[in-house]
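There are 4 protein chains.
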Amino acid sequence: MNFARIDVRQVIFDLNGATPRDYDVVLVRCLSHSRALYAVKILQEQGVRTVNSYEAIATCGDKVLTTLALIERGIPTPRTAIAFAREPALKAVEKMGYPVVLKPPIGSWGRLMSKLNDREAAEAVLEHKEALDKSQDAPFYVQEYIHKPGRDIRTLVVGGETVYAVYRSSTHWITNTARGGHTSGLPLSPEIDRLSRAAAEAVGGDIVAVDILEDADGSLLVNEVNHTPEFHGAMQATEANIAGKMVDYILKIAS
Amino acid sequence: MNFARIDVRQVIFDLNGATPRDYDVVLVRCLSHSRALYAVKILQEQGVRTVNSYEAIATCGDKVLTTLALIERGIPTPRTAIAFAREPALKAVEKMGYPVVLKPPIGSWGRLMSKLNDREAAEAVLEHKEALDKSQDAPFYVQEYIHKPGRDIRTLVVGGETVYAVYRSSTHWITNTARGGHTSGLPLSPEIDRLSRAAAEAVGGDIVAVDILEDADGSLLVNEVNHTPEFHGAMQATEANIAGKMVDYILKIAS
Amino acid sequence: MNFARIDVRQVIFDLNGATPRDYDVVLVRCLSHSRALYAVKILQEQGVRTVNSYEAIATCGDKVLTTLALIERGIPTPRTAIAFAREPALKAVEKMGYPVVLKPPIGSWGRLMSKLNDREAAEAVLEHKEALDKSQDAPFYVQEYIHKPGRDIRTLVVGGETVYAVYRSSTHWITNTARGGHTSGLPLSPEIDRLSRAAAEAVGGDIVAVDILEDADGSLLVNEVNHTPEFHGAMQATEANIAGKMVDYILKIAS
Amino acid sequence: MNFARIDVRQVIFDLNGATPRDYDVVLVRCLSHSRALYAVKILQEQGVRTVNSYEAIATCGDKVLTTLALIERGIPTPRTAIAFAREPALKAVEKMGYPVVLKPPIGSWGRLMSKLNDREAAEAVLEHKEALDKSQDAPFYVQEYIHKPGRDIRTLVVGGETVYAVYRSSTHWITNTARGGHTSGLPLSPEIDRLSRAAAEAVGGDIVAVDILEDADGSLLVNEVNHTPEFHGAMQATEANIAGKMVDYILKIAS
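So the protein sequences, as listed, match chains A, B, C and D. Whatever position you read off the first sequence (first residue = 1), add 316 for my numbering. Whatever position you read off the second sequence (first residue = 1), add 316 for my numbering. Whatever position you read off the third sequence (first residue = 1), add 316 for my numbering. Whatever position you read off the fourth sequence (first residue = 1), add 316 for my numbering.
Only chain A is shown next, with the shape it has when bound in the complex (with noise of 0.2 Å):
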């Protein structure tokens, strides 16, 4: 079994081109969500395989989109309005209550995510967002603070089986391993495990992380799913051989 690493930044694609079918999987990891759609697509007309499929990507990329898949699933998640003006957008938010959470619908990392406490704060970070986002068009994304406790839970979904589930704790509600957040090993509950299996399907994902919520009562709901899962973290607090997992599922779908 040959393998070779594809950086999609020095490639020429010839879309008319008699391309060849170079492989038989791809795995998808790039960082740049257009970058992924794109080549994925392109990858897709010359009948490669790719994990994960341009629909799990283009779903699990775009918040409205996992979002509109979840509550079509039925699956339990953080009420969300969508708005394409700054004056609908404040009005969604008092609606809503304060506090709530606008989130760019494409982005990683909690990159730009806002928790906003009072109407002075949405209408700066409202202006603010629209003046930023003045090219590209991007809703205002308006989400329902939950008040979780200190913690998130991450989960890993490979070929329908869920590998693990973690902690990421952190003292910022943004509890992203990347800013900072602390995670540790949690027992794999079965509810924990049916809402990710769940989730996992919803956006069609070969391989993804699910985050969940635990909201005030105890309940729990899915927050965003991760098509390039990173797991650095949870390498250290779970027993999972998770790097070997994802590879054995390659090798399945690719043979």
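Everything labelled a hint here was simulated from the structure, so no lab data went into it. These figures come from a predicted structure and were not determined experimentally. It is possible that part of the hints are untrue.
Note: identical chains are not told apart, hence a pair may lie in one copy or across any two.
To be verified - DSS-like cross-link-like pairs, simulated, lysine-lysine; straight-line CA separation at most 27 Å: (1) LYS561 to LYS357; (2) LYS357 to LYS464; (3) LYS407 to LYS357; (4) LYS411 to LYS357; (5) LYS419 to LYS450; (6) LYS464 to LYS419; (7) LYS357 to LYS568; (8) LYS407 to LYS419; (9) LYS450 to LYS411; (10) LYS450 to LYS568; (11) LYS561 to LYS411.
Use these hints to put chains B, C and D onto chain A, whose structure you have.
Coordinates of chains B, C and D only, in the frame set by chain A:
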């Protein structure tokens, strides 16, 4: 039959709300590609039929996806290469040979379309495009320049039927009506009819305009497919009852 | 006496050409700070007197330079800190204590002015501002919030004389007329007169509007000095012949 | 004699604080033009002498102001026109005749400098530049292309004395060392010496590098003056003790 006009910039889309299906069909005329896609996705989740569909808008609104869809069906289209960085984009330009056309994948009215006649122009425009797209990660879309005879052909396909064909002529290589091009009638030849319907089908379009280029040897190439066709120019140049055809089609699928 | 209206967006400025001095005085009303500065610099090189001068426009158009000019003359103004990166800006905010005001150094009409009431608002707005200013390297301008009584005071100084004083009242903390503030007359007290003239002199302004804030203890602070004053609100609220005063002054320096 | 290195990105500048004058002289090496200007203005208010001065940095860091300063002193420089909108900029290009150079007024290392050889290149680059500068209102700086012999001349002036002259050669029309140009020694002719010192004086520069172009007829033109000279290339190509000359000068003005 009732109808209403919706300005998506005024709407709060409550993703979790029990949203009643207020409309049978929605005709999408958003200028913003991003807003059109999100709004149509949300409507579709509510069971509303849209014209065009999410898939058609996604494909037509992005020139990379349009080109891939045309090539997949074997429809003749200009040679095209994609790159994600300035260096391979310059190599793709030089390999294709001057003149070459650089287009933003998403955008309309000929905006930011560049004809590059030499390497110094290519270097300058690619550097500007890179600076401009810093936050958007838009790929470089490099296409052979077709030596067309001062005009291109534009047709409208509604529900699988070609409604009209017109020439758009201009002394500028961009023959867009919005840029001052002149529109005149054209008898609908079997080849133009067949190509138009094939292009509409390739992108899954209910109501689309098809841009066709005549190469130096007279052969025809489908250039772009537009999912929110404007037709004020064509209304002067043809006898076709354009708006009527569109309304009839929408009423038909509504029932 | 002849006059003409120049739209700088229509002009080609030939820097090397033998440029005739076409005008005695030019009254600058550019909305763009950058265009005003360049145009006035070029006119000044040709020996044309401008109102305001290059130096006054440079100072008034940039809140950092205004604040420095006011402090240099000992004119009371809110406490202000500057930083060039997000981390020291956040430290400056926390050190100053909430609420705090963040302003873009260049800009008008209250655009992108933010009142930050807590650390989560500060983090969100500073991150958005950093993303927004990537290419502009605009500094973070952090200013104590003055607990003013629902209004501020605006005066106009023409050629060293205070022409009027008005209140601008609003339920919003931004009392800008362009944002719906209400304007009403105010007797010109000796202190307001003295402060207005001192501020105009500090920035070298021929015709400038002066923004004055009343602190909780009644003391007055100069907030901003505006080099292209708008006065439609003041025209309703005062008896002063505002346009006449400005024209008289311009004619006087033209002769 | 003590010294310290200041990273302005770490500093909180308290504008109102009783700021002690910590330094006698500050040598400015900021890459960001905006940060350099603000930091120097604040230092200057505190009574600190900076090299270069605020006025020199403001002039050298902006090609429009440099060109105006050179023309005012009668120093030969390429013909230049300024416009604030795409239409007059295109007219200025066509009037000047191809090839023409378009430069961002603020910027270094040859970044975004464009050589335009025909109208289609001009249209494409001007449209991209306009889109890029939407928020910055940077003017269009249009300059005649000088048919130089594959090299330009670069000199360093320290305290009114020309320290060295070198050629920078390249097969690319942009002969910047940062872009791979080659540096070689050059005897300092009286004309180059005189022109260099005149240019430094025109911009008020303590320590500046002067860019000189040789026209097809052998005449010399001052192109740019750089207020934060880099000299790693020149160190290989000349005997001059460059850093020593700079330090000596700074010590002299410090005492």
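Outcome of the hint check:
When the C-alpha separation of LYS561 and LYS357 is checked against a cutoff of 27 Å, the pair qualifies only within one copy, where the shortest distance is 25 Å, while the shortest distance between copies is 34 Å. Taking identical chains as interchangeable, the C-alpha atoms of LYS357 and LYS464 are never at most 27 Å apart, the minima being 38 Å within one chain and 30 Å between chains. In this assembly of identical chains, the alpha carbons of LYS407 and LYS357 lie at most 27 Å apart only when taken from different copies (22 Å versus 38 Å within one copy). When the C-alpha separation of LYS411 and LYS357 is checked against a cutoff of 27 Å, the pair qualifies only between copies, where the shortest distance is 23 Å, while the shortest distance within a copy is 39 Å.
In this homomeric assembly, LYS419 and LYS450 come within 27 Å of each other (Cα to Cα) both inside a single copy, at 16 Å, and across copies, at 19 Å. Taking CA atoms no more than 27 Å apart as the test, LYS464 paired with LYS419 passes inside one copy only; the shortest distance there is 17 Å, against 33 Å between copies. In this assembly of identical chains, the alpha carbons of LYS357 and LYS568 lie at most 27 Å apart only when taken from the same copy (22 Å versus 34 Å across copies). In this assembly of identical chains, LYS407 and LYS419 lie within 27 Å of each other by CA distance both inside one copy and across copies; the values are 16 Å within and 24 Å between.
In this assembly of identical chains, the alpha carbons of LYS450 and LYS411 lie at most 27 Å apart only when taken from the same copy (25 Å versus 33 Å across copies). Taking the shortest alpha-carbon separations for LYS450 and LYS568, neither the intra-copy value of 45 Å nor the inter-copy value of 38 Å comes in at or below 27 Å. Proximity of LYS561 to LYS411 under the C-alpha cut-off of 27 Å is found in neither arrangement, the shortest distances being 44 Å within a copy and 42 Å between copies.
Comparing the model with each numbered hint stated earlier shows that hints 2, 10 and 11 do not hold.
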